[in-house]
Amino acid sequence: MSGFLLPLHFDVFENDKWSFPHRLLRGAFLTSLVMALFLVANAPAQADATQISGGLDGRAMSQDPLWGAGEEGIRLHGAFLNLRHVISDKSGDRYILVGQVDANNNLKELEAYQVYAQVKGPLGRINLRAGRYILPFGLLANLDTERQLIQTQEAVTLGIKLDTGVQVFGYTGPFDYAVSVSQGTGELDDQDSNKLLVARLGMQNEDWRWGLSYMDGQVVTDDDVFLQQGSFDRQRLALDMEVDWVPWLLRGELIAGEDDGRSVYGATLMADYDINAKLSINTVLAGWNSTNNSREVALGLTYRLPKNFILRVADTYQRLNGAGEHSLALQLYWEF
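Using my numbering, the first residue of the sequence shown is number 1, and each one after it goes up by one.
For the record, the hints were derived by calculation from the structure and aren't laboratory data.
Note that the structure is predicted; figures quoted are calculated from it, not measured.
All residues carry an ideal CB built from backbone N, CA and C; glycine is no exception.
Among the hints, a few may not be true.
Simulated pairs of lysine-lysine, DSSO-like, Cα-Cα distance not exceeding 27 Å [claimed, not checked]: (1) Lys307 with Lys278; (2) Lys108 with Lys161; (3) Lys120 with Lys195; (4) Lys90 with Lys120; (5) Lys161 with Lys195; (6) Lys161 with Lys120.
Computed beta-carbon distance windows for the label pairs [what the hints assert, rightly or not]: (7) Gln229 with Leu328: 23 to 29 Å; (8) Gly261 with Leu123: 39 to 45 Å; (9) Glu109 with Ser53: 16 to 22 Å.
Turn these sequences into a full structure, and let the hints guide you.
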């Protein structure tokens, strides 16, 4: 592989200034981003074994949301650089190496996003992935809304999205499956001996897909001033669906389970309506009942501009344990 990614996370302050390690890493990230843009701009028409992609995500928000898509004010919400290297043999693509680094919050926070190695089996029937990846649970198995204003609800319903572990997955006919065993911490380092099991069985055709997911194990939730934090013995069972009913695209998830023996349940419905090839309406309606009871309703617009730019606007109402707030957000997103 032509590049090497360090799975590090620095967020260090000294007298309200960034310390030397962070400035060094931020400079390295910006240099890598410029080099990637040069390579993409001068790449030949045929794709090489190594693919480079990335993007910039600028946002303006009226106030901090209770959870989800950003922070109050105008800022470069995120920048990312992704390298994907494919090694082939006589049977086709056999080994895949993926590394993505994100720089968030005006480039102040550097972290690994997905970093994994993958071995492909015959005809994709069985594949092995090891590293840090998105957990194959519910809508997450086929939908990553990290760079969108209207997002899925895993921050509330699961408390985890990315984790480090080993995953076996594949396809046979209309069916797909995935089984993951990971740390349950969302981090790169293994903090204890507890493991998290996630499994999903799905079925799909050209117009729809559905899946049944199960999660069981200890989950250490991310730091968040609004949501419950700590280590939880967590079980989840979910039914997810996606229906492509042109011009509508509908996605939904029903989820129930337990947190340390207490019952929890909720649902999410997302709907996109394509007005034309460039403009679409985006909505979400979600509810979650647990120690923290939450509701979210959002309405947004997406407009695709030339040169791979995307403009989004969204009005979101979130309610947590009886306290609610509106936030208005504007996003200019560019990817290459």
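Against the structure, the hints come out as follows:
1. Using a Cα cut-off of 27 Å, the hinted pair lysine 307 and lysine 278 holds, with the two alpha carbons roughly 13 Å apart.
2. For the given pair, lysine 108 sits about 21 Å from lysine 161 by alpha-carbon distance, which is consistent with the 27 Å threshold.
3. As the CA atoms of lysine 120 and lysine 195 are separated by approximately 25 Å, the hinted pair is consistent with the 27 Å bound.
4. A threshold of 27 Å between alpha carbons decides the hint, and for lysine 90 with lysine 120 the separation of about 13 Å falls inside it, so the pair holds.
5. With a C-alpha separation of about 15 Å, the suggested pairing of lysine 161 with lysine 195 holds against the 27 Å cut-off.
6. Annotation: proposed proximity of lysine 161 to lysine 120 holds, straight-line Cα distance about 23 Å (limit 27 Å).
7. Between glutamine 229 and leucine 328 the beta carbon distance is about 28 Å. The supplied range of 23 to 29 Å therefore holds.
8. The beta-carbon spacing between glycine 261 and leucine 123, approximately 43 Å, falls within the hinted interval of 39 to 45 Å.
9. The beta-carbon spacing between glutamate 109 and serine 53, approximately 21 Å, falls within the hinted interval of 16 to 22 Å.
Checked against the numbered hints listed earlier, the structure breaks none of them; every hint is satisfied.
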